[in-house]
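Put chain B on the given structure of chain A with help from the hints.
Going line by line, the protein sequences match chains A and B. Per UniProt numbering: the first sequence = residues 1 to 342. Per UniProt numbering: the second sequence = residues 1 to 342.
Don't read these hints as lab results, they were simulated from the structure. Bear in mind the structure is a predicted one, so any value in this text is a computation, not a measurement. Some hints here could point you the wrong way.
[Unchecked claim] Cut-off 25 Å, straight-line C-alpha distance, at most; resulting in silico cross-link-like pairs (DSS-like, lysine-lysine):
(1) A/Lys265 <-> B/Lys144
(2) A/Lys60 <-> B/Lys333
(3) A/Lys60 <-> B/Lys113
(4) B/Lys286 <-> A/Lys57
(5) B/Lys313 <-> A/Lys60
(6) B/Lys57 <-> B/Lys22
(7) A/Lys7 <-> A/Lys171
(8) A/Lys265 <-> B/Lys57
(9) B/Lys286 <-> B/Lys57
(10) B/Lys87 <-> B/Lys67
(11) B/Lys113 <-> B/Lys341
(12) B/Lys60 <-> A/Lys211
(13) A/Lys265 <-> B/Lys210
(14) A/Lys22 <-> A/Lys67
(15) A/Lys265 <-> B/Lys67
(16) B/Lys265 <-> B/Lys206
(17) A/Lys265 <-> A/Lys7
(18) B/Lys7 <-> B/Lys67
(19) A/Lys333 <-> A/Lys29
(20) B/Lys7 <-> A/Lys265
(21) B/Lys144 <-> B/Lys300
(22) B/Lys169 <-> B/Lys113
(23) A/Lys144 <-> B/Lys144
(24) A/Lys29 <-> A/Lys67
(25) A/Lys7 <-> A/Lys60
(26) A/Lys144 <-> A/Lys171
(27) A/Lys206 <-> B/Lys60
(28) B/Lys265 <-> A/Lys57
(29) A/Lys210 <-> B/Lys60
(30) B/Lys265 <-> A/Lys60
(31) A/Lys7 <-> A/Lys36
(32) B/Lys313 <-> B/Lys29
(33) B/Lys265 <-> A/Lys144
(34) A/Lys210 <-> B/Lys57
(35) A/Lys87 <-> A/Lys286
(36) B/Lys169 <-> B/Lys341
(37) B/Lys22 <-> A/Lys67
(38) B/Lys67 <-> B/Lys29
Below are the chains, spelled out letter by letter.
Number of protein chains: 2
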Amino acid sequence: MTPNTYKEIHLANRPEGTPTDKDFNFIEKEIPSIGKDEVLLRTLYLSVDPYMRGRMKDVKSYVEPFKLNEAITGGILAEVVESNSDKFQQGDVVNGTLNWAEYNVANAQSVQKVDPSLAPITTRLGILGLTGLTAYFGLLDIGKPQQGETVVVSGAAGAVGSVVGQIAKLKGAHVVGIAGSQEKIDYLINELGFDAAVNYKSDSFKEDFKKAIPNGVDVYFDNVGGEVSDAVIFEINRNARIVLCGTISSYNNPEADLGPRIQWKFITTSSMMKGFTLGDYAHDFKTGAQALAGWLQEGKLKYEETITEGFEKTPEAFLGLFEGSNLGKQLVKVADPEFAKL
Amino acid sequence: MTPNTYKEIHLANRPEGTPTDKDFNFIEKEIPSIGKDEVLLRTLYLSVDPYMRGRMKDVKSYVEPFKLNEAITGGILAEVVESNSDKFQQGDVVNGTLNWAEYNVANAQSVQKVDPSLAPITTRLGILGLTGLTAYFGLLDIGKPQQGETVVVSGAAGAVGSVVGQIAKLKGAHVVGIAGSQEKIDYLINELGFDAAVNYKSDSFKEDFKKAIPNGVDVYFDNVGGEVSDAVIFEINRNARIVLCGTISSYNNPEADLGPRIQWKFITTSSMMKGFTLGDYAHDFKTGAQALAGWLQEGKLKYEETITEGFEKTPEAFLGLFEGSNLGKQLVKVADPEFAKL
Chain A
1 MTPNTYKEIH LANRPEGTPT DKDFNFIEKE IPSIGKDEVL LRTLYLSVDP YMRGRMKDVK
61 SYVEPFKLNE AITGGILAEV VESNSDKFQQ GDVVNGTLNW AEYNVANAQS VQKVDPSLAP
121 ITTRLGILGL TGLTAYFGLL DIGKPQQGET VVVSGAAGAV GSVVGQIAKL KGAHVVGIAG
181 SQEKIDYLIN ELGFDAAVNY KSDSFKEDFK KAIPNGVDVY FDNVGGEVSD AVIFEINRNA
241 RIVLCGTISS YNNPEADLGP RIQWKFITTS SMMKGFTLGD YAHDFKTGAQ ALAGWLQEGK
301 LKYEETITEG FEKTPEAFLG LFEGSNLGKQ LVKVADPEFA KL
Chain B
1 MTPNTYKEIH LANRPEGTPT DKDFNFIEKE IPSIGKDEVL LRTLYLSVDP YMRGRMKDVK
61 SYVEPFKLNE AITGGILAEV VESNSDKFQQ GDVVNGTLNW AEYNVANAQS VQKVDPSLAP
121 ITTRLGILGL TGLTAYFGLL DIGKPQQGET VVVSGAAGAV GSVVGQIAKL KGAHVVGIAG
181 SQEKIDYLIN ELGFDAAVNY KSDSFKEDFK KAIPNGVDVY FDNVGGEVSD AVIFEINRNA
241 RIVLCGTISS YNNPEADLGP RIQWKFITTS SMMKGFTLGD YAHDFKTGAQ ALAGWLQEGK
301 LKYEETITEG FEKTPEAFLG LFEGSNLGKQ LVKVADPEFA KL
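Chain A on its own, in the form it takes in the complex (with noise of 0.2 Å):
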């Protein structure tokens, strides 16, 4: 039955450093009635990202802040309660970028329909959606990994560097995963076939991380940036592409963040590096989307997903990305569905 009322995550406060709960309200509407090609959506699962941190922030950046005091948004798995839409009905699994919240009223023209008999739905919050992408296009537009050449990614055992290495290793590469945990670094060994992995929070970090790379840096996926990615770009070969994702060391670090320059080993190495996000991928969503669909059925790509149970959880699960603590996508599962069938 659908209740009366509703939760809503708003953004309370700008977040100076990490954020905290503080900074997240959690508001009660009442249900609205919706209106002609409208939908009403209960959420199921909720997707929490790195790059959100940045939309938290006042400042121009490639997508909009969030505002102050309005409802925080992001890819969310809803099924369908109510439609005034022929493209819906009720019981329908749709995928979207909505509000965080328990329910959303959308435009049917603004989600997607997703057929939960090819994969299952959480695929599309992850390996077939954002993350699976971003991975994808970074990797192979970017990256260009050849037949034996080194590929090196950091934040590897996360979203989307666990199916950047995946598809390194489906490329012919050599592949080594910088991660945080020993459950981390066994994890891309023994289950995603990495071909070497190191914890960046060993005190032989550096040592174990030459060890591991023996004919230098090719391709250099970076997810976290600050000392690790000191680290690794001080060893890259000629000729080799720095793949620019994310700089999570950092995202709450108010302060300017300083470290060696790196342009000088860039002239002497004739290498580039290139920052990118998925949006200038759009045009091309479909090709990635396809390729990552058939490598799931072929069996040749796995993916880890950490979901944190109940909606009230959303910005702890969230606040957790900046200590590691997921392993793959990390969701919260805000609902278990009333009319769709999974």
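This is chain B only, laid out in the frame that chain A set:
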């Protein structure tokens, strides 16, 4: 008359920090007799270049380090004094990578004949030589300036920078130079046709620079690195291209050079930076040289030379590069021709 002895400059020490006179030894040697296919060459001009500082370190890089107690080598224009080769006769002018010496013996295959009637011979060490080609390939292959875009170049009044800015103007860009004196600023604007030029030594550099780039920065050709480059990188537009040619600001700094991390800026703008050295384009030198010679003949490219007179002043001319005492290409005039007709 050819003397019996000549002087040659050897690297006496691997300098820590800024080199001094004591790092250079003037050695007196006897003029040898030449063998089959060899020529005896009398140096007219030699080129001093910032990249040579890198070769004084005992560090593996894109070129071999200079050897201790052996001759420093570089670009030289010389006249043929004696020839055991069909290719050359007395009075020919040649260009090659030779010892910093008043005389050289060289295999005829290792030097190229220079036609003094096409352009002043010193252009072969500058705008029609390595520095012109460096500007040409770096700007056009990596920077790819488009009509109406803003191109910024640091070290703008130097041998490479002054050519970069002029080629960018030929491509229809808004061109902004960064240099270190009012004389250089005036030269860039009044002589070379730059749209704006700013003095990085001024207290108001950052404000001056922002005024000069009302539409941001699309291409940055970087010869200097350091704080100047930080200021430029923080103003790049979406899809900007940073061409890394040199970091002269830190060549003499033996400590790790710290600065703000820049990766986030490349991510939020989907921008790239790439280092290069001229050797990357060896297969294509002819194309570049023809284009440069064409523009020069049409009067579309201007150049300046700073010529220091006297072989014994070579170390001084080299060290002056790091103080920015040159305008355009820095050369040393070693001798007037005895046999060549210029």
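Is lysine 313 of chain B close enough to lysine 60 of chain A, meaning Cα to Cα at most 25 Å? violated (53 Å)
Proposed proximity, lysine 67 of chain B with lysine 7 of chain B (alpha carbon, max 25 Å): Holds - the C-alpha atoms of lysine 67 of chain B and lysine 7 of chain B are around 18 Å apart, at most 25 Å.
Next pair to validate is lysine 333 of chain A with lysine 29 of chain A; report whether the Cα-Cα distance is within 25 Å. OK: lysine 333 of chain A and lysine 29 of chain A at ~20 Å, within 25 Å.
Pair hint lysine 265 of chain A and lysine 144 of chain B, alpha-carbon separation not exceeding 25 Å: holds (22 Å)
When you check the alpha-carbon spacing of lysine 113 of chain B and lysine 341 of chain B, does it fall within 25 Å? holds (14 Å)
Within 25 Å, alpha carbon to alpha carbon, are lysine 7 of chain A and lysine 171 of chain A? violated (45 Å)
Distance restraint between lysine 210 of chain A and lysine 57 of chain B, which requires alpha-carbon spacing of 25 Å or less: Between lysine 210 of chain A and lysine 57 of chain B the Cα gap is close to 23 Å, so the pair holds against 25 Å.
Tell me if the straight-line CA distance from lysine 144 of chain A to lysine 171 of chain A falls inside 25 Å. holds (9 Å)
Agreement of lysine 265 of chain A and lysine 210 of chain B with the hint, judged by alpha carbon distance not exceeding 25 Å: Not satisfied, since the Cα-Cα distance of roughly 28 Å exceeds 25 Å.
Straight-line alpha-carbon gap lysine 265 of chain A to lysine 57 of chain B, limit 25 Å: holds (15 Å)
Between lysine 60 of chain A and lysine 333 of chain B, is the straight-line Cα distance small enough, at 25 Å or below? Given pair lysine 60 of chain A, lysine 333 of chain B is violated - Cα atoms ~54 Å apart, limit 25 Å.
Given the hint that lysine 265 of chain B pairs with lysine 57 of chain A, test it: the Cα-Cα distance must not exceed 25 Å. Roughly 15 Å between the alpha carbons, so the hint for lysine 265 of chain B and lysine 57 of chain A holds.
Going through the hint list in order, the structure does not satisfy hints 2, 3, 4, 5, 7, 9, 10, 13, 17, 20, 22, 25, 36, 37.
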